[in-house]
Amino acid sequence: MNDIQAHRCDVLIIGGGMAAAWAAIAAAKTGAITIMVDKGYVGTSGVTATGGPNHWWVPPDPGKRREVIERKLAAGLGLGDPEWMERVIDTTWRTLPELAPYYPFGSDGKGGRYYSGVRGAEYMRALRAYALAAGARILDHHPATQLLVNGDGAVRGARGHARLIRRDWEIQAGAVIMATGGCAFRSGLLGSHGNTGDGYLMAVEAGAELSGMEFSIQYSVSPAWASTRTLPYGAARYYDVDGEEIVQPPRGHAHFQALGAALLTGPVYADLIDAPSALPPVLHDIQPFTPPPFVRKGVDLFKERWPIKLFGEGTIRGNGGLRIRDGNCRTNVPGLFAAGDAATRELATGAISGGGAVNSAWALTSGQIAGAAAAKEALAGRRRTMEQLRSAASAAIHPVAAERPVDRKAIEADIDHHMNGYQHALWRSERQLTDSLKVLEAHWRAIRDHGRAEGLSLVSLRETAAMTATARWCTAAALSRRESRGIHVRIDAPELDAGSGARLLTGGLDMIWTRPEQQRYAEAAA
Amino acid sequence: MITHIFEDLCDNCNDCVAICPSHVLDAGEGAPVIARLDQCQTCYMCELYCVSDAIYVGPDAHAAEIIDPEAIRLSGHLGRIRHDHGWDRPDAPGHLDHYRLLGPLLQEGIETAESRYQTLKTDGL
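Chains A and B, in that order, give the protein sequences.
Position 370 of the first sequence, counting from 1, maps to 370 under my numbering, and the rest follow consecutively.
Position 52 of the second sequence, counting from 1, maps to 52 under my numbering, and the rest follow consecutively.
These are calculated hints, taken from the structure and not from any lab test.
The model shown is predicted, which means the values in this text are computed figures rather than measured ones.
Glycine included, each C-beta is placed from N, C-alpha and C at the ideal position.
Be careful, since some hints might not be right.
To be verified - Examples of chain A residues toward chain B, derived with CB under 8 Å:
(1) P59
(2) G191
(3) A226
(4) G243
(5) I246
For reference, chain B alone in the conformation it holds in the complex:
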């Protein structure tokens, strides 16, 4: 669930309020306010759309977390999702060149599981 908005990084653009698909945030005096945490589905879209890398979403979708903001600041998590997407450089060449591997890698995994199952079954396990 969304855990923290770093007010010193936030530029108060309120884009996260607008793009949150489940209406978790309200515009505030300065940084947006986490107003309806129970509606957060931990989709990380607010992090993706935050040009200031000011938002941290905790990994647990079922429970709010208590974090040490300074540790998160140093963790390398902030902005990582946006960077990995190449979100701020959509026209950069090669940006989605690995994407075609999704299907074959998924298939390879399933085939591995299938042949392992056949072996285990024959072994009578």
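Excised from the complex, chain A in its bound form:
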């Protein structure tokens, strides 16, 4: 192992999307030696780069903000946190305009600049430039495979593989921020190929807890042949294979169920004859990635009918993720912080989807908070003596039984079926969730017992392991929450149960546990 690439730093950020970049900026600004490692390229990786995130945007008018927060709190069905909402709104408002030297904010149509919505590719290009200017070091194509912990179990670094140069790397750090994004179980959702839940797995192996994993059912409509952004489809009409219009509410679980039920029996078609008349001339200018999948297929998206598919969004537009233990984005594992979709977004949005705007504001804010807090902690601990570190990971590295090939493709197909398959995700019930869990358990055991790989193959096998683990946590949490609340809908428990108003925690590897959160961090601190 003498050709291992080794580094030391104060703050290590794992991930390369907007939360990771905002964290790197905040950490580097304090003077902390900051390294960002991303599986792909910081600028194109993840779901922000191909998207166009709006941000929760409320001017600093105390009355107005209070009103917005009260509304959001009610919509979140008891799981949101008003103090976090206030911080998210305020941090976003103050911070986003800092990007002006790197991002060409357009006109707001009233003589000012339009800040709240940004186009993904330019946004991520700007965040990369800003992070570099702040002094962060970026290591692209450096997927992390495992966390390093000291004798006390505190996270002090990570290991992975530099895939363009085919060398393993090891980075020791004073603090680590997990910003690896959510997981859509490789549904094909645009930009989500790398979002395989790696950070959830690495963190849970180190002892972290997850929260809100039952809030993991969301879909977006796209043409059947490719996932796109969804701007044009708001007014879409849908038709079954016989050309009969499918009457369905345009949003929410019933919308997905109506389309899902039709898709389970045959192709479903959409047309955009009701689309806003101002849209066709400007679509290519607003979302230049959206027309090519149609134009290149020879389909006129505004005039013809075309087949659709619902692409699963998992915990990307869902809410679940690493439990945040305090106001500095600490997880319950010392030395480990979480930001963006890798963390639970219940604090900002409760039981409903944060959609684009709240989730983006959360990513920015949690990145900024985690970056500054991790830097402070790392700088304070700089004079710590050299520690013996060990890997916290085991799956796909140390099989517990005889090494045997693992059929990754078959496992991933099953995960897609059980997590994104309409018949499972849109009609959750005790029986169906129990059946899914059995299948997923068997796959976890196969990887755990027999999987072993190195280098590039280890990166892939760990992705499969992470998706399997994430699917199990989502399913176990959905099984435990015996009610319907927000985006978690059970057909065998369709009502909200007033006694189930606590956040639901989950974790564990071979034995998965769930329990209601007894004490929120604010109460714990008091």
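Please build the complex by placing chain B on the supplied structure of chain A, with the hints as guidance.
Just chain B, lined up with the frame of chain A:
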């Protein structure tokens, strides 16, 4: 999925190898090589970052396509995504001036669908 790299247009800068988020490409002797097509998510980022407009991504995310490169060359697709983004002129004035319309247009579509649904429901369809 990424379908073709026009070798005569490619300047062998390998930027696409570096920026591909899912490690589809390897540096080659000349033009980059499509080494792991199964990892391509059809995100078009390689087209966006290709200063030579030498890359064509097919529209189907699930299957590789067979294309006639000469027809693609004449189709107007090459470089279109980069041009529409204004990627090579980030500081040009007015570049993102329509972007503020995204939210209102999205909202208008949803409201149209909502009122149509209310009408259809009342009509008992």
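When the least beta-carbon distance from A/A226 to chain B is tested against 8 Å, hint result: holds, 4 Å
Residue hint A/P59, partner chain B, criterion CB-CB below 8 Å: Status violated, d = 16 Å.
Cut-off 8 Å, beta-carbon criterion: hint that A/G243 touches chain B: Given a least distance of 14 Å, the restraint on A/G243 is violated.
Interface hint for A/I246, Cβ within 8 Å of any Cβ on chain B: violated, 10 Å
Interface hint compliance - A/G191 to chain B, C-beta minimum distance less than 8 Å: holds, 6 Å
Figure legend: structure checked against the earlier numbered hints; hints not met, in rising order: 1, 4 and 5.
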